[in-house]
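Undergrad: All chains should be modelled from the sequences, with the hints used to inform the complete structure.
If you read the sequences in order, they're chains A and B.
Numbered per UniProt numbering, the first sequence finishes at 355, counting up by one with no gaps.
Numbered per UniProt numbering, the second sequence finishes at 355, counting up by one with no gaps.
Note that these hints are calculated values from the structure, not bench results.
What you were told as hints is all true, and nothing was included just to trick you.
Here are the in silico distance ranges between beta carbons for each label pair: (1) E256/A <-> E256/B: 54 to 62 Å; (2) R322/B <-> N28/A: 22 to 30 Å; (3) N354/A <-> G46/B: 30 to 38 Å; (4) R267/B <-> N28/A: 34 to 42 Å; (5) T133/B <-> G228/A: 37 to 45 Å; (6) A257/A <-> K304/B: 45 to 53 Å.
This structure is a prediction, so every number in the text was calculated from the model and none was measured.
Every residue, glycine too, gets a C-beta built ideally from N, C-alpha and C.
There are 2 protein chains.
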Amino acid sequence: MKHNFGAGPGILPQEVLKQAAAGVLDFNGIGLSILEISHRSPEFEGVLNEAVKLVKEELGVPEGYSVLFLQGGASTQFAMVPYNLLPEGGKAAYVESGVWANKALKEAKYFGDVEVIATAKDKNFTYIPKDFTVPADAAYLHLTSNNTIYGTQLQEFPASPIPVVCDMSSDIFSRKVNVADFGLIYAGAQKNMGPAGTTLVIVKDELLGKADRKIPSMFNYQAQIDGGSMYNTPPVFAIYVSMLTLRWLKAKGGVEAIQKENEEKARVLYEEIDRNPLFKGVCVPEDRSHMNVCFLVENPEHEKPFLKFAEERGIEGIKGHRSAGGFRASIYNALPITSVYVLVEAMQEFAEKNK
Amino acid sequence: MKHNFGAGPGILPQEVLKQAAAGVLDFNGIGLSILEISHRSPEFEGVLNEAVKLVKEELGVPEGYSVLFLQGGASTQFAMVPYNLLPEGGKAAYVESGVWANKALKEAKYFGDVEVIATAKDKNFTYIPKDFTVPADAAYLHLTSNNTIYGTQLQEFPASPIPVVCDMSSDIFSRKVNVADFGLIYAGAQKNMGPAGTTLVIVKDELLGKADRKIPSMFNYQAQIDGGSMYNTPPVFAIYVSMLTLRWLKAKGGVEAIQKENEEKARVLYEEIDRNPLFKGVCVPEDRSHMNVCFLVENPEHEKPFLKFAEERGIEGIKGHRSAGGFRASIYNALPITSVYVLVEAMQEFAEKNK
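TA: Now the structure itself:
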């Protein structure tokens, strides 16, 4: 049995994988695979409509927002956001809370001025910058809710006089958020929503059409809204598996229920990191992520042996990102708490053997 | 048994569907699904490398070209091509052979001047325009090799003094082409290469970096080449299934062998259309597509009954596109000739009953 702590594309529920495999062979008993039906078929339209409905339900998306399933990952959103929301000659405000935030702001520079209003670069992104003033004359404020590489997470969103755009790629559907506080939310599917290959965008309609730019159709949110996420052929299978994952989430009790589980998983793991003399946390405790738990060994000589020790117990994907080192256990929605117990036990056994 | 004549996302080989379903449950026996492994894992890198290698082998891609698996479909290429290849103040030449060519040239207008050097709009795109001069001062000539909606296909590519960019979405891997004759080839996967969700791009390296534009990373071919199609998380599953489909193609004898089969399928079907007094072809015979066979009933009252008659025999997806009407039988690589025989037989039986 494998315990998949990979940072993404990450673990999906076993039940969803079984349903997805069945759909590849024969979708809902129609005698054709989900991979070979038209995106204009009633079958796929049903899938897309249900996926949109589940997003709205599970996140409590209010009226006046559109829900899109696009392609190209969050990295495409790094460019689409300023393309659509940043007027010529305008500026946007970015909080640089990690590598992904940095990539986002670099892409925005292709479209206008970028004001980095806060950064955590001075301490290698081990904390969430909180001490900043949001400039009222910027087109939007860009935030990253969870920093996958360093394991920090915004526990509270700052108040803002301008629309807030948030990259929630690695913690969407893991906890309650108030969508009405945001102008635009985007998230690559491959952590908590489904497989790689589709990107969720939730956008407040009234923000669009104001930047006065000429935007090619595929990069234009309004064209994508008008096409109902089918301006062109959508990534059928990735949307299908996302829909199945959202169904699974709903059946589990939704975001509220999963948030409790996620908090418990994080609590158990951080408690062991803080207690175990061989290990230590990386980030400022108050900013620790409930999705990506980063930790180090006190003695660098223990790093490789512990990785091996863990792998022998079926623990996969805990090697830290190449730019952060150490370990990173990603504990996304689909990871059962039993896998966390297995990791904690491995840490305890390893400590026992290396006293 | 279903006979899938759908125009796309279209039929995939049964063998590929079985392998894909198995990979969703457990990829190559590693105990994890292809949907939940890192794109940086050796397992996925093996998949991507093999996919690129198979593209090069099957199409005979010469040195000096890069092969990319991107997202966003051909529609994203409609914008990326001029973004990368059309200099500020420059112009591009387009042949308007159908609706998709028209969409491509409209997107190019966001980036510069577009000269439509030939169009078949006067006869509702039922022929391939051939009588044109390619302007030597344009940055590139854009062609569409196969027009899915109307069922026409370029049987010979025109000589060009400037680089040729070709949308081969609906006939790539169906016949031999000389890649060296092209500056850039692109194709959405969902006809002959795999499922919806990835787009193949083959680009001559020396054409890049000349347009002197500042291009956001995700839309920049050079950034995608530098990242080896992994500038960001790629559409893992769509690439996996494309790789499996290319393996299947190779095992069948490659493009040369499939081309013979495709020609035979087309011959059998067009012969029946021309012979059967109830049906007639749509396009100029010399420009008929070997991928999308469009036909009409002589008596419009036969249209709905024939559709029903065919559906009762398991024949799926032959309703014509809403902008063309009539029937369209797509006979992509994975469609067995036995399905064509079933359709021909249905046409004959229907004619017999409606004499």
